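*Asks:* Listed below are the residues making up each chain.
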Amino acid sequence: MTDAKTNTEDYLRMYRQMVRIRSFEDQANQLYLSAKMPGLTHMYSGEEAVAVGICEALKVTDKITSTHRGHGHCVAKGADFKQMFCELLGKEEGYCRGKGGSMHIADQSNGNLGANAIVGGSMGIATGSALSAKRLGRDDVTVCFFGDGATAQGLLYEVMNMAALWSLPVIYACENNGYSEYTRTDEIAAGSIVGRAEAFGIEAFKVDGQDVLAVNDLAQTLVARCRKGEGPFFIELETYRYHGHHVGDINREYYRPKDEEKEWHTNRDPITNFAKWLTAEGIVDQAELDTIQTEIKTDAASAVAYALDAKYPDVSEVDMHVFAETP
Amino acid sequence: MADVIMPALGMAQDTGKLVQWMKAPGDAISTGDVLFEVETDKSVMEVEAQADGFLTQVSASDGEDVPVGQVIAVISATAENPVAAPAPPPVAQAVTEVVAAPTPTAPAPDAVTTGGRILASPKARRLAAQEGLDLGQLAATGAPMPYHVSDLATLREMPAAAGQTVVMAATKQIMARCQRSGSRDFMEWMQADGAITVTTSAMFASFASGAFRAATETPTVVVQVADPDGTDIFLRNPDFTRLSAPVSETDEDATFVLHDLSDSFLTSLRLGDTALPTLSLGSDGDSYLITFEFSSEHMDDAQGIAFVSGLARRLADPLHHLV
Ligand SMILES: Cc1ncc(C[n+]2csc(CCOP(=O)(O)OP(=O)(O)O)c2C)c(N)n1
Ligand SMILES: [Mg+2]
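Quick note, the sequences are listed as chains A and B, same order.
Going left to right, the first sequence walks through residues 1 to 327 as the working numbering numbers them.
Going left to right, the second sequence walks through residues 1001 to 1323 as the working numbering numbers them.
Take the hints with a grain of salt, since some may be wrong.
Stated by the list, open to error - Using 25 Å as the maximum straight-line C-alpha spacing, the simulated DSS-like pairs for lysine-lysine come out as follows:
| id | chain 1 | residue 1 | chain 2 | residue 2 |
| --- | --- | --- | --- | --- |
| 1 | A | 311 | A | 297 |
| 2 | B | 1042 | A | 258 |
| 3 | A | 262 | A | 206 |
| 4 | B | 1017 | B | 1042 |
| 5 | B | 1023 | B | 1042 |
| 6 | A | 262 | B | 1017 |
| 7 | A | 228 | A | 206 |
| 8 | A | 262 | A | 297 |
| 9 | A | 297 | A | 36 |
| 10 | A | 258 | B | 1023 |
| 11 | A | 311 | A | 99 |
| 12 | A | 311 | A | 82 |
| 13 | A | 276 | A | 206 |
| 14 | A | 36 | A | 59 |
| 15 | A | 262 | B | 1023 |
| 16 | A | 36 | B | 1017 |
| 17 | B | 1042 | A | 36 |
| 18 | A | 59 | A | 311 |
Worth flagging that the hints you see were computed from the coordinates, not collected in a lab.
Computed from a predicted model, the values in this text were never measured in an experiment.
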């Protein structure tokens, strides 16, 4: 990690955002297990540095597309806890007025074009968004988040081909957390992941997804180059999910050893490691970080309480935002 | 202190079965220890402790079906109160007794909005049937549908509250609707083509008898055709006789009762009388409405469903079933 002190504010915001994601997920996990939340949900805990490192390099007007494991992207792109929890619980004040839930949350106000329950489903949307920015002459960049498992979807190869031919301002961000559902990545993906993008002549990078500064540095560079018309780019971020594939996947030893989980928790936690660096560099002291943690946990808890009490949408809204009038 | 809950681990999961506790009340617990095993509809899983302390206030026991989200113990700083104070009875306590309440005579308030259907999760339905509980009784109280396993707790309390001790099976209802046009075309065609008059009542008796035989494999079917103004007639195996010919009457006991409402203002009878399986056939515009009441003493659910489906198929497309 490099040059310190000058960017204290940026660093603290990154720390704060990672802690916000972790706290959000701890609450969401509890809500689900205690049967207060419908549907199914996938925890982002452990992968915080990926979403935060990238989204901190973006402007509000830049766009992202997200995945079934999407709460982290949503928070990192600037979403508000209350509206997010309301969405998870199907309440009227949710980002999609309660119709989307965990896997279809979208926050257009911050440029989050939406989570997507279809693995790889947002690749076309992201590429289309980049195409529209280019055609409209805007300098927006779009980041497409997807997992290692999604590299098996044919759509990726169609859109990378187009994006490369048309030099679109899109960054394909592959979150390689080592597994897709209950299968190790090396059992589902032959050859190299970055090699797939390189085959289309797309510049591709591999980065430690647990190191928020490394991710952010790379993202800053690539976003700037996209704005100059040098896109598209591809990043493989090496990361790890702490929880199961979904909240109910609590016994994982049959596919993932406990020692491996422990190793990532103890030695590769993005929040702990960043905190160590921040204190070692003398940017903040531990007490300040503890205060941030407490504040955010309280925030998350009160947002949950708020959402639990919030109103469900009126039945009259059932077809709202479902049908559009054609002119 | 941390609550130990029965976790929701999958979509649309109402309860988890506590297979067994792996720790005893009062045991010292460390985070990550396996506390208990839970069986969902998919598999058996181990649930780990989320906190350090002692296992206390245990309120569910091995083998119990517990609604997801319910607190079943607390991990506390001390080992005091290892077992929960006897509060509301644990949910699955009544599983072994089959003491069902009689069907409510008043129609369920929800009958209007749900067309008489009782909305309940498949699991709630299955457990209710196993325990001889009648969801209709819950509906009669106006409790909001759909019912989940957690609602069965309320239902289990109900017969006891009413001081009900008589063991009798609950009345079940199956309703169906089918197009009239198939039967109408068939009767017209018989008339036009062969000058054969087929009456609606003969057709009902024959099709009902045939469908009943197919669903239940009953060798002799005696249909008691109810006549509110006169004497009921008892027809022996009407499906074995040509539709235009008279069916032999019998004084044997009836297999089921048939109410032909097609020529009346009534569309459906739900009298809750479990003595004999009871079928009523009414008409509503271009449809026939089939209502069938029975209890587990007469047949199982699958047979009841097969009977009503078979009858609806025959009425919708008579030729198909006659040739
Ligand atoms: C098209 C499609 N196929 C299958 C699924 C079921 N499914 C949900 S998540 C998942 C694994 C995705 O793995 P990965 O892309 O690595 O993301 P991760 O869950 O590891 O974040 C699968 C197969 C789906 N949602 N969509
Ligand atoms: Mg993965």
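*Asks:* All hints, please: hold or fail.
*Replies:* How the hints compare with the structure:
no.	hint	in the structure
1	311/A - 297/A	holds (23 Å)
2	1042/B - 258/A	holds (22 Å)
3	262/A - 206/A	holds (24 Å)
4	1017/B - 1042/B	holds (11 Å)
5	1023/B - 1042/B	holds (24 Å)
6	262/A - 1017/B	violated (30 Å)
7	228/A - 206/A	holds (22 Å)
8	262/A - 297/A	holds (24 Å)
9	297/A - 36/A	holds (19 Å)
10	258/A - 1023/B	holds (21 Å)
11	311/A - 99/A	holds (13 Å)
12	311/A - 82/A	holds (13 Å)
13	276/A - 206/A	holds (24 Å)
14	36/A - 59/A	violated (35 Å)
15	262/A - 1023/B	holds (24 Å)
16	36/A - 1017/B	holds (19 Å)
17	1042/B - 36/A	holds (20 Å)
18	59/A - 311/A	violated (32 Å)
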